[in-house]
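Once you have looked at the hints, place chain W on chain L.
Chains L and W supply the protein sequences, listed in that same order. If you count the first sequence from 1, position 454 lands on 454 in this note's numbering, and the numbers rise without skipping. For this note's numbering, count along the second sequence from 1 and bump the result up by 785.
Among the clues, some could well be false.
Which residues of chain L face chain W? A partial, calculated answer using Cβ under 10 Å [claimed, not checked]: (1) Asp4; (2) Gly7; (3) Ser11; (4) Arg19; (5) Arg24; (6) Ser112; (7) Arg184; (8) Gly188; (9) Leu191; (10) Glu192; (11) Gly243; (12) His278; (13) Gly673; (14) Gly679; (15) Gly706; (16) Ala707.
If you are wondering where the hints come from, they were derived from the structure by calculation, not from laboratory data. It should be emphasised that the depicted structure is a prediction, and the values quoted were computed from it without experimental measurement. Built from N, CA and C at the ideal position, the CB exists for glycine as well.
So the chains spell out like this:
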Amino acid sequence: MPNDAWGIGASLLRREDERHLNGRGEFVSDIKLPGTMEVAFVRSPHAHARIRSIVKPSDAAGRVFTAADLPRIQPIRIVTQAAGAKSPSWTPLATDKVRYVGEAIAACIAPSRAEAEDLAAAVTVDFEVLDAVVDAPRDLRGSRHLVHESWGDNLYSERVFEGGDIEAAARAAAITVRREYRMRRQSGAPLEGRAVLAHRDHRLDEIVVYASTQTPHTVRVALGEFLGLDLRRLRVVAPDIGGGFGPKARLYPEEIILAALALELDHPLRWVEDRGEHLLTSAHTRDHHYRVTAYADGQGRILGVDAEIVVDAGAYGLWPQGPYQEAAMAARNLPGPYAIPHYRARAATVATNKAPLGPYRGVGRPGACFAIERTIDEVARAVGRDPVEVRMLNMVRPEQMPFTTVGGMRFDNGDYPQSVRLCAELLDLPAVRARQQRGEPDGRLIGIGFASFAEQTAHGAAEFVSRGASIVPGFESCTARILPDGSAVLMVGIQSHGQGLETTLSQIAHHELGIDPARIAVRHGDTESTAFGFGTFASRSMVMSGGAVARASRLLRDKLCQIGAHLLQCNVAEARCTDGVVRGPQGSVTIAEIARVAHLRMDGLPPGVDPLLDATATYEPAVGTGVFSYATHGAVVAVDPETGFVELLDFAVAEDCGTMVNPMIVEGQIRGGVVQGIGTALYEEIPYDERGQPLAGTLADYLLPGAAEMPAIKIGHLHTPATATEYGMKGMGEGGAVAPPAAIANAVRDALTALGNSGAEVNETPITPQRAMAAISKARGIGSA
Amino acid sequence: MTAIRLRLNGSDIADEVPPRLSLADYLRERRNLTGTHLGCEHGVCGACTILVDGEPARACLMLAVGCDEREVETIEGFAGDPTMAALRDSFHRQHGLQCGFCTPGMLIAAHDLIRRGEAGSEHAIRAGLAGNICRCTGYTNIVAAIAEAAASLAGGPRDAE
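Same shape as in the complex, but just chain L (with noise of 0.2 Å):
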């Protein structure tokens, strides 16, 4: 097999490159159709309300739609299987009530988004509004108020896992430290928002739906479903998508509002959602809160955590997979990559007056590592320690792998505490506690803090079937194909948001073909010419999808060695299929050649064998639960004790995701979800006050990273393959998501230590200057904020 500049290993440039450069990329808002018409929408401006009418323009007629309007709609319904779980069904435009602002009334539809505007404008809608459930923790049981009046409480579901002895772990601990913590709610903010365009091709007899989407296989099943419409009457298209990070792997009103219109008017429909929109209506993420109890020995070990976790999960699920995975994820990540034996936790799941939780970069993990790491720096504190002593005491160590922790997750393999050791040589520990020492001239304090985490990766059916999952996304799909010429395509039911699978997937194929990466399409993202798969999510993109495309790829493989041994008038067990040619003992023949024959010529093909060379195989990793990639992030930050500014000086990633098929790519990617994970620490929140209304509605509230503020960051690699993925793969998306929070955390707490007495610790996100600030004064005896 090839080991080249193209094959796994090689950070292959990417193809997807050349089009971006030149603005030639194709996003939803980029496609014209003939004759397309705009969509605005009518969206609540109350967090909670009762419409008691809804009035349109007289001049409206065929103009403004609400949900009477379209009764072919279904509602939103999900279906899980996990215990004593609610589900509320939710009609995708409102009837009777809207539960959060930005809540969808009524679709306009004008030539122009401006003209839509206007009209949606006109529309007039009587509520009687209603007191708002914001406030999660305090609410959860019974409040006053209802989001859904026939539940009796605003608990989506509540669980308690456990594991070990933790009444156990009470009695013997030397020490106990409580704290609390709260991860608050933002939004992924992909640059490019959410977009639907739908029209209907009467020649196919079908409706097509192109959406900025990471899922349109799922997609399709849900309109299906919703509208009523047999699955080969739609298809879904997810063209070039500009970021998705997990927001936009969910089904959304809009994309069945629009599908339902086109089924209705002669014409193309369009929504592009502005970034207002997106802020009010897309998922939001994290909003998690903590109260946390450990118990350790005199030496910092930890002998048991007790947990409560709220997740405020907004007024709807989100389809397939609803609101409970958040909470569940956070239960049992929880315990961390330690050997922690006794564990307790009961996770709520709690409906609110805000927009609908969904899942972004890393899902319930940064929330659960920021708490257990956050823990174990105060563990260390009590003991007189330094974090990284005990986060290595506690942490698995690699003789004891393969390890299930007291969670429920099953590490495969890896060594853990190297990565600790790795940061910090990345950082240069040392040297940072000598500056330290030193002091700043500006008065700023100097602090360096880390977080290690283990992440479940490309987990199989197994996984889901355990969450009580609606679907199971268990598998991915390729077909992979030679054409007549040689050159191949990749037919991949995965989607690719930015992440370069059409470079990645190509390298696999390239693996083991042997054929020019340039030569080998790989298409994805059309319902149409893909086979069905899941899409891009849960870090399970290059493991699923790469896995199915060396599985077809090796079903060509054999079929070519079959044909090309024929043709060499060899057995084929004497053929072997390289760098694009299939050797006999006693010459060669490539594979243009053969595919001439399985086309053009099948005179030439042995008896008994087939024309064409076009294979479908699925792949699911050999354990379903899960290959898991690790890594410690350590940050070294300036905090000014006058103004309670941060400002990262240093931030350092040292990781292991098994074998790299593009270590460009997999570095890129890390970088990534890093400054993602930093917006989580420092800057991106979505408040919302006492009567639910959202207070970050443009970016100049909400707050993105920017180039100034971002340090370059450093990546140190540790090589474990995984054994249970082709190559020894592992996921590694989301990692770079979740752990900055608590290494940023740890280290302004490491800084604010110089504040003398017991210092200062800040245990929320983000860590605003207004929040640092309270923690300081505080600390100082100045009163808080």
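Here is chain W on its own, set in the frame of chain L:
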């Protein structure tokens, strides 16, 4: 409708536009120049950065009528421009883009930094990119790409890959 005349990517154009049509919508919807991307439509993200009379501008914050008698250049232009050619090459080789949505605005901002001689250090490049948000790359490779293009245009040695 208001009559406008402009020079767009080197061609003279006469057109009629509604007074409230934004320049970005004009370029995208009427001229099919869809490389000018809209990420926020309120002047923060920089994805719609273009050149107006040679200076970077937010196409989302200008009206089409505001570019009457002016020269507009979008990412689809820059034919034969050595700075843009160097930037395209260095963004490709340094992996300075992922989803590609910020890329046209980023390239035009970078082009302006190099033109003004403000791409001489990592610090200067980072400060100069304050008006352009990338959500994918974490900026490290964008900064490296701009530094490399600036160095190559100045005749200096290229950074090792």
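Against the structure, the hints come out as follows:
no. : hint   : in the structure
1   : Asp4   : violated, 17 Å
2   : Gly7   : violated, 18 Å
3   : Ser11  : holds, 8 Å
4   : Arg19  : holds, 7 Å
5   : Arg24  : holds, 7 Å
6   : Ser112 : holds, 8 Å
7   : Arg184 : violated, 19 Å
8   : Gly188 : holds, 9 Å
9   : Leu191 : holds, 4 Å
10  : Glu192 : holds, 5 Å
11  : Gly243 : holds, 4 Å
12  : His278 : holds, 9 Å
13  : Gly673 : holds, 8 Å
14  : Gly679 : holds, 9 Å
15  : Gly706 : holds, 5 Å
16  : Ala707 : holds, 4 Å
Hint check: violations occur at hints 1, 2, 7; the rest are consistent with the structure.
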